[in-house]
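With these hints in hand, go ahead and build the complete structure from the sequences.
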Amino acid sequence: MEKEQKESVDESALNDAFEARIARGETIEPKDWMPERYRTQLIRMMSQHAHSEIVGMLPEGNWITRAPSLKRKMTLIAKVQDEAGHGLYIYCGTETLGVDRAELVNQLLTGKAKYSSIFNYPTLSWADMGTIGWFVDGAAIVNQTVLAKASYGPYARAMVRICKEENFHKKQGYEIIATLARGTPAQKAMAQDAVNRWWWPSLMMFGPSDKDSPNTAELIRWRVKRKTNDELRQRFVDLTVPQAEAVGLTLPDPDLKLNAATGHWEFGEIDWAEFWAVVKGNGPLNRERLQARRDAHENGAWVREAAEAYAAKHERAPAASAA
Amino acid sequence: MATESQWPLWEVFTQGEQGAPHEHAGSLHAPDAEMALQNARDVYARRGGVVSIWVVPSVEITASPSDEAGPFFDPGADKIYRHPQFYKVPRGLKGF
Numbered sequence: 001m002e003k004e005q006k007e008s009v010d011e012s013a014l015n016d017a018f019e020a021r022i023a024r025g026e027t028i029e030p031k032d033w034m035p036e037r038y039r040t041q042l043i044r045m046m047s048q049h050a051h052s053e054i055v056g057m058l059p060e061g062n063w064i065t066r067a068p069s070l071k072r073k074m075t076l077i078a079k080v081q082d083e084a085g086h087g088l089y090i091y092c093g094t095e096t097l098g099v100d101r102a103e104l105v106n107q108l109l110t111g112k113a114k115y116s117s118i119f120n121y122p123t124l125s126w127a128d129m130g131t132i133g134w135f136v137d138g139a140a141i142v143n144q145t146v147l148a149k150a151s152y153g154p155y156a157r158a159m160v161r162i163c164k165e166e167n168f169h170k171k172q173g174y175e176i177i178a179t180l181a182r183g184t185p186a187q188k189a190m191a192q193d194a195v196n197r198w199w200w201p202s203l204m205m206f207g208p209s210d211k212d213s214p215n216t217a218e219l220i221r222w223r224v225k226r227k228t229n230d231e232l233r234q235r236f237v238d239l240t241v242p243q244a245e246a247v248g249l250t251l252p253d254p255d256l257k258l259n260a261a262t263g264h265w266e267f268g269e270i271d272w273a274e275f276w277a278v279v280k281g282n283g284p285l286n287r288e289r290l291q292a293r294r295d296a297h298e299n300g301a302w303v304r305e306a307a308e309a310y311a312a313k314h315e316r317a318p319a320a321s322a323a
Numbered sequence: 001m002a003t004e005s006q007w008p009l010w011e012v013f014t015q016g017e018q019g020a021p022h023e024h025a026g027s028l029h030a031p032d033a034e035m036a037l038q039n040a041r042d043v044y045a046r047r048g049g050v051v052s053i054w055v056v057p058s059v060e061i062t063a064s065p066s067d068e069a070g071p072f073f074d075p076g077a078d079k080i081y082r083h084p085q086f087y088k089v090p091r092g093l094k095g096f
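Chains A and B are the protein sequences, given in the same order.
Counting in this note's numbering, the first sequence runs without a single skipped number right up to 323 at its last residue.
Counting in this note's numbering, the second sequence runs without a single skipped number right up to 96 at its last residue.
Just so you know, the hints here were simulated from the structure itself, not pulled from any lab data.
Heads up, some of the hints might be wrong.
[To be verified] Cross-link-like lysine to any residue pairs, in silico, SDA-like; alpha carbons within 20 Å at most:
1. 171(A) x 99(A)
2. 164(A) x 13(B)
3. 31(A) x 68(B)
4. 164(A) x 42(B)
[To be verified] Some, not all, of what chain B presents toward chain A, calculated at C-beta under 8 Å:
5. 6
6. 26
7. 31
8. 32
9. 35
10. 46
11. 50
12. 61
13. 62
14. 63
15. 67
Remember, it's a predicted structure, so these values are computed and weren't measured experimentally.
Cβ atoms here follow ideal geometry from the backbone N, Cα and C, with glycine treated the same way.
What follows is the structure, encoded as structure tokens:
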């Protein structure tokens, strides 16, 4: 009884010290004491982020064999490889919180873990490769630039590394769209069609509206998030509207208008029923994406086996010669 | 049948240019040092800008205690005479 009481007093003192560190803007490192809730929230958020990078390879991987030129094909391969790398940076960061990589992968493959809903939409034309780079990577940059100042050191450092690389993704996508938009009428129509299909799902990438986001207040207090979902969404809209105008394409929102007083672009209501349906597993491609990940994991088993066998043989050789 | 057990974790240190120190870049899993190096190249040096990589098994790293950082580093905190600002030179002297 006495011991229990002492432990809870210690815990509360540790918690106060932790909150004070956060308030001073200090960075929390893996070995530092942290509240269990901070740890679990970060594992949830970071692993979802890592899964999103990995599943994010699928919609674009779909177009590697059909890229319209060698230059575009090389670019797309490099971009998809980057997404794999980004997934690895964040998985490593997540592991510093004491969770096993195999466990994280298992959560993805069994459908227990979530990933960004945007990757459950199909990539129907080459213009989708441009729009994904422009919108989806553009939205990711808005989000990740802020996460690069997150209070958890390994997460922030992974974001700094990723942000440096994402700019290439956005620029190559925008270049694809700009090229199509000044091409033949059919090419321009293809670009406009892709913009029409990806605009709203891209806005949904920032997550539910602040009033429906139960985690936001806590994550902001802990400085894991530095801006709310709605603030980030607004920043993305403000950045993207002039970019669409510059290439002569329209964003599919009749309510889009500049508020001269605030300087912000006001936009129409997001279809939250669609958002929640996709999050809950009923988007156009949820099942196909997961199946593709499971197949990739199973089909890669022989590579892992070979690497293990080689390592085991290699390890034994010096010991055998010594004996 | 590949085991589902986790391959060892390696910490990756990269040197940005000749003469610069190696800095911690991140970590990765690999079955042996050779693959750890190759994976580190692909994960942390895809865009060039790296001239040398070290990989170190994470379990081999011993770190200073984070909860006693104050007392641990205390011996270095109160010796201001180790800093050049501690010493005075005659006023008006140029180019010391």
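A quick look at each hint next to the structure:
For the proposed pair residue 171(A) and residue 99(A), the alpha carbon gap of about 35 Å is over 20 Å, so the pair is violated. Under the criterion of a C-alpha separation no larger than 20 Å, the hint pairing residue 164(A) with residue 13(B) is consistent with the structure, at around 18 Å. About 11 Å separates the Cα atoms of residue 31(A) and residue 68(B), which keeps this hinted pair within 20 Å; it holds. Note on residue 164(A) and residue 42(B): the hinted pairing holds, with a Cα-Cα distance of about 16 Å set against a maximum of 20 Å.
Using the Cβ-Cβ criterion of 8 Å, the hint placing residue 6(B) at the interface with chain A is satisfied: the shortest such distance is roughly 5 Å. A hinted interface residue such as residue 26(B) counts as satisfied when its beta carbon comes closer than 8 Å to some beta carbon of chain A; here the least separation is about 5 Å, so the hint holds. Hint status for residue 31(B) relative to chain A: holds, with the closest Cβ pair at about 4 Å, below 8 Å. Interface restraint check: residue 32(B) against chain A, minimum CB-CB distance 4 Å, threshold 8 Å, status holds.
With its C-beta approaching chain A no nearer than about 6 Å, residue 35(B) sits inside the 8 Å limit, and its interface hint holds. Hint on residue 46(B) holds. Least Cβ distance to chain A is approximately 6 Å, under the 8 Å limit. At about 13 Å, the closest approach between the beta carbon of residue 50(B) and any beta carbon in chain A exceeds 8 Å, and the interface hint on this residue is violated. Nearest Cβ of chain A to the Cβ of residue 61(B): about 11 Å, over the 8 Å cut. The hint is violated.
Because the beta carbon of residue 62(B) sits about 12 Å from the nearest beta carbon in chain A, more than 8 Å, this interface hint is broken. Look at residue 63(B): its Cβ gets to within about 7 Å of chain A, closer than 8 Å, so that hint holds up. Because the smallest distance between the Cβ of residue 67(B) and any Cβ of chain A comes to about 7 Å, under 8 Å, the interface hint for this residue holds.
Figure legend: structure checked against the earlier numbered hints; hints not met, in rising order: 1, 11, 12, 13.
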